[in-house]
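Engineer: Given next are the chains, with one letter for each unit.
2 protein chains.
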Amino acid sequence: MSDRVTERYAGELPMAEADDAADRVADDAVVLVSGFGSVGYPKALPLALADSGRDLELTVVSGGSVGEEIDTALVEADAIARRYPYQSTPEAREKVNNNEIAFSDRNVSSLGDEVQYGGLVDPDVAIVEAVAVGEDWLIPSTSIGQTPAFVDAAEKLIVEVNHNQPLELQAVHDVYRPDAPPNREPIPLSEPDGRIGDAKVRFDPEKLLAVVETDRPDSTYTFRDPTDDDRAIARNFGSFLAEEMERTPVFEEELYLQFGVGSLGNALMGELIDLDFAGRDVVYFGEVIQDGLLDMLDAGRLECASATTLALTEEGQQRLFEDVEGYAEDIVLRPTDVSNDARLINQFGVVGVNSAIEVDIYGHANSTHVRGSKAINGVGGSGDFNRNSLVSVCALPSTLKGGEISRIVPMSFHVDHTEHDLDVIVTEQGVADLRGTSPVERAEEIIENCAHPSFKPALWEYFEAAKEQGGHIPHDLKRAVEWPN
Amino acid sequence: MSDRVTERYAGELPMAEADDAADRVADDAVVLVSGFGSVGYPKALPLALADSGRDLELTVVSGGSVGEEIDTALVEADAIARRYPYQSTPEAREKVNNNEIAFSDRNVSSLGDEVQYGGLVDPDVAIVEAVAVGEDWLIPSTSIGQTPAFVDAAEKLIVEVNHNQPLELQAVHDVYRPDAPPNREPIPLSEPDGRIGDAKVRFDPEKLLAVVETDRPDSTYTFRDPTDDDRAIARNFGSFLAEEMERTPVFEEELYLQFGVGSLGNALMGELIDLDFAGRDVVYFGEVIQDGLLDMLDAGRLECASATTLALTEEGQQRLFEDVEGYAEDIVLRPTDVSNDARLINQFGVVGVNSAIEVDIYGHANSTHVRGSKAINGVGGSGDFNRNSLVSVCALPSTLKGGEISRIVPMSFHVDHTEHDLDVIVTEQGVADLRGTSPVERAEEIIENCAHPSFKPALWEYFEAAKEQGGHIPHDLKRAVEWPN
Numbered sequence: 010m011s012d013r014v015t016e017r018y019a020g021e022l023p024m025a026e027a028d029d030a031a032d033r034v035a036d037d038a039v040v041l042v043s044g045f046g047s048v049g050y051p052k053a054l055p056l057a058l059a060d061s062g063r064d065l066e067l068t069v070v071s072g073g074s075v076g077e078e079i080d081t082a083l084v085e086a087d088a089i090a091r092r093y094p095y096q097s098t099p100e101a102r103e104k105v106n107n108n109e110i111a112f113s114d115r116n117v118s119s120l121g122d123e124v125q126y127g128g129l130v131d132p133d134v135a136i137v138e139a140v141a142v143g144e145d146w147l148i149p150s151t152s153i154g155q156t157p158a159f160v161d162a163a164e165k166l167i168v169e170v171n172h173n174q175p176l177e178l179q180a181v182h183d184v185y186r187p188d189a190p191p192n193r194e195p196i197p198l199s200e201p202d203g204r205i206g207d208a209k210v211r212f213d214p215e216k217l218l219a220v221v222e223t224d225r226p227d228s229t230y231t232f233r234d235p236t237d238d239d240r241a242i243a244r245n246f247g248s249f250l251a252e253e254m255e256r257t258p259v260f261e262e263e264l265y266l267q268f269g270v271g272s273l274g275n276a277l278m279g280e281l282i283d284l285d286f287a288g289r290d291v292v293y294f295g296e297v298i299q300d301g302l303l304d305m306l307d308a309g310r311l312e313c314a315s316a317t318t319l320a321l322t323e324e325g326q327q328r329l330f331e332d333v334e335g336y337a338e339d340i341v342l343r344p345t346d347v348s349n350d351a352r353l354i355n356q357f358g359v360v361g362v363n364s365a366i367e368v369d370i371y372g373h374a375n376s377t378h379v380r381g382s383k384a385i386n387g388v389g390g391s392g393d394f395n396r397n398s399l400v401s402v403c404a405l406p407s408t409l410k411g412g413e414i415s416r417i418v419p420m421s422f423h424v425d426h427t428e429h430d431l432d433v434i435v436t437e438q439g440v441a442d443l444r445g446t447s448p449v450e451r452a453e454e455i456i457e458n459c460a461h462p463s464f465k466p467a468l469w470e471y472f473e474a475a476k477e478q479g480g481h482i483p484h485d486l487k488r489a490v491e492w493p494n
Numbered sequence: 010m011s012d013r014v015t016e017r018y019a020g021e022l023p024m025a026e027a028d029d030a031a032d033r034v035a036d037d038a039v040v041l042v043s044g045f046g047s048v049g050y051p052k053a054l055p056l057a058l059a060d061s062g063r064d065l066e067l068t069v070v071s072g073g074s075v076g077e078e079i080d081t082a083l084v085e086a087d088a089i090a091r092r093y094p095y096q097s098t099p100e101a102r103e104k105v106n107n108n109e110i111a112f113s114d115r116n117v118s119s120l121g122d123e124v125q126y127g128g129l130v131d132p133d134v135a136i137v138e139a140v141a142v143g144e145d146w147l148i149p150s151t152s153i154g155q156t157p158a159f160v161d162a163a164e165k166l167i168v169e170v171n172h173n174q175p176l177e178l179q180a181v182h183d184v185y186r187p188d189a190p191p192n193r194e195p196i197p198l199s200e201p202d203g204r205i206g207d208a209k210v211r212f213d214p215e216k217l218l219a220v221v222e223t224d225r226p227d228s229t230y231t232f233r234d235p236t237d238d239d240r241a242i243a244r245n246f247g248s249f250l251a252e253e254m255e256r257t258p259v260f261e262e263e264l265y266l267q268f269g270v271g272s273l274g275n276a277l278m279g280e281l282i283d284l285d286f287a288g289r290d291v292v293y294f295g296e297v298i299q300d301g302l303l304d305m306l307d308a309g310r311l312e313c314a315s316a317t318t319l320a321l322t323e324e325g326q327q328r329l330f331e332d333v334e335g336y337a338e339d340i341v342l343r344p345t346d347v348s349n350d351a352r353l354i355n356q357f358g359v360v361g362v363n364s365a366i367e368v369d370i371y372g373h374a375n376s377t378h379v380r381g382s383k384a385i386n387g388v389g390g391s392g393d394f395n396r397n398s399l400v401s402v403c404a405l406p407s408t409l410k411g412g413e414i415s416r417i418v419p420m421s422f423h424v425d426h427t428e429h430d431l432d433v434i435v436t437e438q439g440v441a442d443l444r445g446t447s448p449v450e451r452a453e454e455i456i457e458n459c460a461h462p463s464f465k466p467a468l469w470e471y472f473e474a475a476k477e478q479g480g481h482i483p484h485d486l487k488r489a490v491e492w493p494n
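Just so you know, the protein sequences line up as chains A and B, in that order.
Count along the first sequence from 1, then add 9; that gives the number in my numbering.
Count along the second sequence from 1, then add 9; that gives the number in my numbering.
These are computed hints drawn from the structure, not numbers from a lab.
Computed from a predicted structure; not experimentally measured.
Among the hints, a few may not be true.
A pair holds if it fits inside one copy or across any two, identical chains being indistinguishable in the list.
Straight-line alpha carbon distances no greater than 25 Å define the calculated PhoX-like cross-link-like pairs of lysine-lysine that follow [said to hold, decoys possible]:
1. Lys476 / Lys487
2. Lys487 / Lys216
3. Lys165 / Lys216
4. Lys165 / Lys476
5. Lys165 / Lys465
6. Lys165 / Lys410
7. Lys487 / Lys383
8. Lys216 / Lys465
9. Lys476 / Lys383
10. Lys383 / Lys216
Use the sequences and the hints to build the structure in full.
Structural biologist: Structure follows, in structure tokens:
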């Protein structure tokens, strides 16, 4: 890289203490923060705001999930009045469910446009973690998320330079922000590891309010070890994939995969290491790079990986940090509006694998709200991939709480992914291929192949009773409500 | 046009009677038919199949809605076993709801890929209406729909040349089928009226089984005259649009609009003629060209229109046919995978306006199934535009059946458009702007601004009772089921 940045600071910068910078954020500011996959988010500023003792009513908009300095500390300080588009801490979730934080849950791909052009908010200040900064540019750290759009959209900018994040991270970034509609051009990406930008996010130098220093590490992920169910799901998915590879010329030479964030996604990525891809190049085109993908890369089983964040465990992060430039040959981080772009997912013919809280017998998936009401985290990017993948797979264990509750239910009372979007359901029990099926056929496939044996009788009973009511998607609503999910 | 086609037939063609061609379609064939917006579909072949007296179990896949020769005659002959992705006749609907036809309802944008690469079906024969045909090309008639993908995907091809459709229709066509994934390139369309292909759909000459002649007209649309409610919805939408035009630079010089098919969509297009666009170029980037758009064009209020079908009334069709080449300066028809492409909708910053059967107080819309069960038509392209528009508007009257039933309901029991997709609800009562609102705030907006006064008390009562149950999206499921929708 000829234009490689070797120093963390360039030019005349308005260096400040976090407390002083925090004073410049209004009590009711609309704050756009970097961060996705709980990494790459600002830490010192949010803590300074949380500790300020001020009566804050902030609107906090992130790209995706952020760490405890925001969604725990600021929440506990009662500083967040509004929060978009995702949250993932117990503290934020509680206030969201008590309607003490007004939370709007959005598809992450379009959030940059919604903020900048769509009227979602009127942004005051962007607070962005960086590994380096100049007078009119910054280099993101462990995630890109919606940082380019946020920096463009906000009136002012505060940059946090994190000395704990290696400067070498610049090697993995490919920053490209599409132009404003209606004269936006197609995103010119033809190869998953292609580069259409560089490492720098540019900004109007007049915006730069302060540069703050920190050395706090990311709130990295902790994944559980793969369970027997995870492994059975991975095996079932592997069998399905083996058949798919034979089915269409699209998968003849290359196979593009995406896995959602989380322990199951991580386990699936890890288990794929044993799958026979019969000489095909396997490419990850998704949103998060998790430890399982590093394993695949280290084992030479993965051609390359494109995502918007390095959502690794602490150990995974250390592994990456020790050889960022080596990994950068095969890893590219992009803004979320590129990593999750509908057309790119379509262009590459991605097989998308995402999980859900529950799936109903007609193939509607709920990934955000228990019994239609209680928010968990948010839809994140799962809708982007479920809608636009060539084959969209919903992978989940058939039960939860030690088998007490079925994740296959008569009716999803919250639908994040409609019957028009999902192609295949995989549980540890088996695979339901829903392509070309009517709802009644879908129910038969899903109950027979995916439900846990201990819930099959009750599901069949519901289905038979529902069919008595008639209709294309037979339901007995009163009975559906009585289902103990 | 230098390569303009002046004769309906070119080269050595396997001309056949419809009966003879129908004999070459297997009893259980997977048949891909042209047609979208109930125009441009084959007529003689389906009638010959319906009259054959054979015991047929066809799978019929269209781009969108087709006319009575398919969805009435073939249905009444019990010839259709499976039907994708849309149907819109009373006869088809009845069999779909009795599960005598296995119907799978899909987003129309991705149907071409699902057929050709996604494993939805294993296609045998494409039957395509054309205005002209050669040994390895055809020119579509009044719609393009998914014809290019269908012709590529099917083993065999039967072309119906319709002498009732003017040869001049070639002037409006821009046929571009994206390459196969994963080496698909971005769709190179930068202007809504740009041309990236030509009028011809190419095919492998070995596929051509027969060329049949017909002169049956399309089953054109009949729209009701705009009602007072339609006009009030149009006025409310107009007020909203006037504010939006001031809000963002995206709408400063050009405004891209899309309206869904149907009487309300047609009425909205027609009523916009009176709106003050303050010198902006107004562009239609959508799926259907209806009579209202011709009015806008004739009045010089519309810059241009891009769609996949001319879904006009008989009178509108005559108006167009009398001056196809004149209209072709401002009208382009594209394959549905281009007209409804996610990235193009995004590129142009479209304001999408689609209707629904009902919307719940938290902003989930149902456009396909009454009480979660009874199919009406299908999701069509509404999901494509609701998901990808910069601002997505759901426009509907607040009641149906003369005010007896509220279209604003406590809970949608079928969700086609999730809370993550819709931005604004418009009824004849007013406008609910949902952007940046939490579900509880949404309920307040929707009940207050959009519900009919006669249902407001019951909706407020539901909402208050639901809030007692707590949660981010408060629901009282038992009560929701008792709501008389």
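Engineer: At most 25 Å between C-alpha atoms: does Lys476 with Lys487 qualify within a copy, between copies, both, or neither?
Structural biologist: both (14 Å within a copy, 20 Å between copies)
Engineer: Have a look at Lys383 and Lys216 and pick one of within, between, both or neither, based on CA distance no larger than 25 Å.
Structural biologist: neither (39 Å within a copy, 55 Å between copies)
Engineer: For Lys487 vs Lys383, is the C-alpha pair at or below 25 Å within one copy, between two copies, both, or neither?
Structural biologist: both (20 Å within a copy, 16 Å between copies)
Engineer: Which holds for Lys216 with Lys465 at a C-alpha limit of 25 Å: within a copy, between copies, both or neither?
Structural biologist: neither (60 Å within a copy, 47 Å between copies)
Engineer: Could you place Lys476 and Lys383 in one of the four classes (within, between, both, neither) given a Cα distance threshold of 25 Å?
Structural biologist: Between copies only: 12 Å across chains, 29 Å inside a chain, cut-off 25 Å.
Engineer: Pop the pair Lys487 and Lys216 into one bin, within, between, both or neither, using alpha-carbon distances up to 25 Å.
Structural biologist: neither (56 Å within a copy, 53 Å between copies)
Engineer: Treating 25 Å as the Cα threshold, decide for Lys165 and Lys410: within, between, both or neither.
Structural biologist: Neither. Shortest intra-copy (46 Å) and inter-copy (53 Å) distances fail the 25 Å Cα cut-off.
Engineer: Treating 25 Å as the Cα threshold, decide for Lys165 and Lys465: within, between, both or neither.
Structural biologist: neither (57 Å within a copy, 43 Å between copies)
Engineer: Checking Lys165 and Lys216: alpha-carbon separation at most 25 Å within a copy, between copies, both or neither?
Structural biologist: within (4 Å within a copy, 61 Å between copies)
Engineer: First find the shortest C-alpha distance between Lys165 and Lys476 inside one copy, then the shortest across copies, and answer within, between, both or neither for a cut-off of 25 Å.
Structural biologist: neither (59 Å within a copy, 38 Å between copies)
Consistency with the previously given hints fails for numbers 2, 4, 5, 6, 8 and 10, ordered from lowest to highest.
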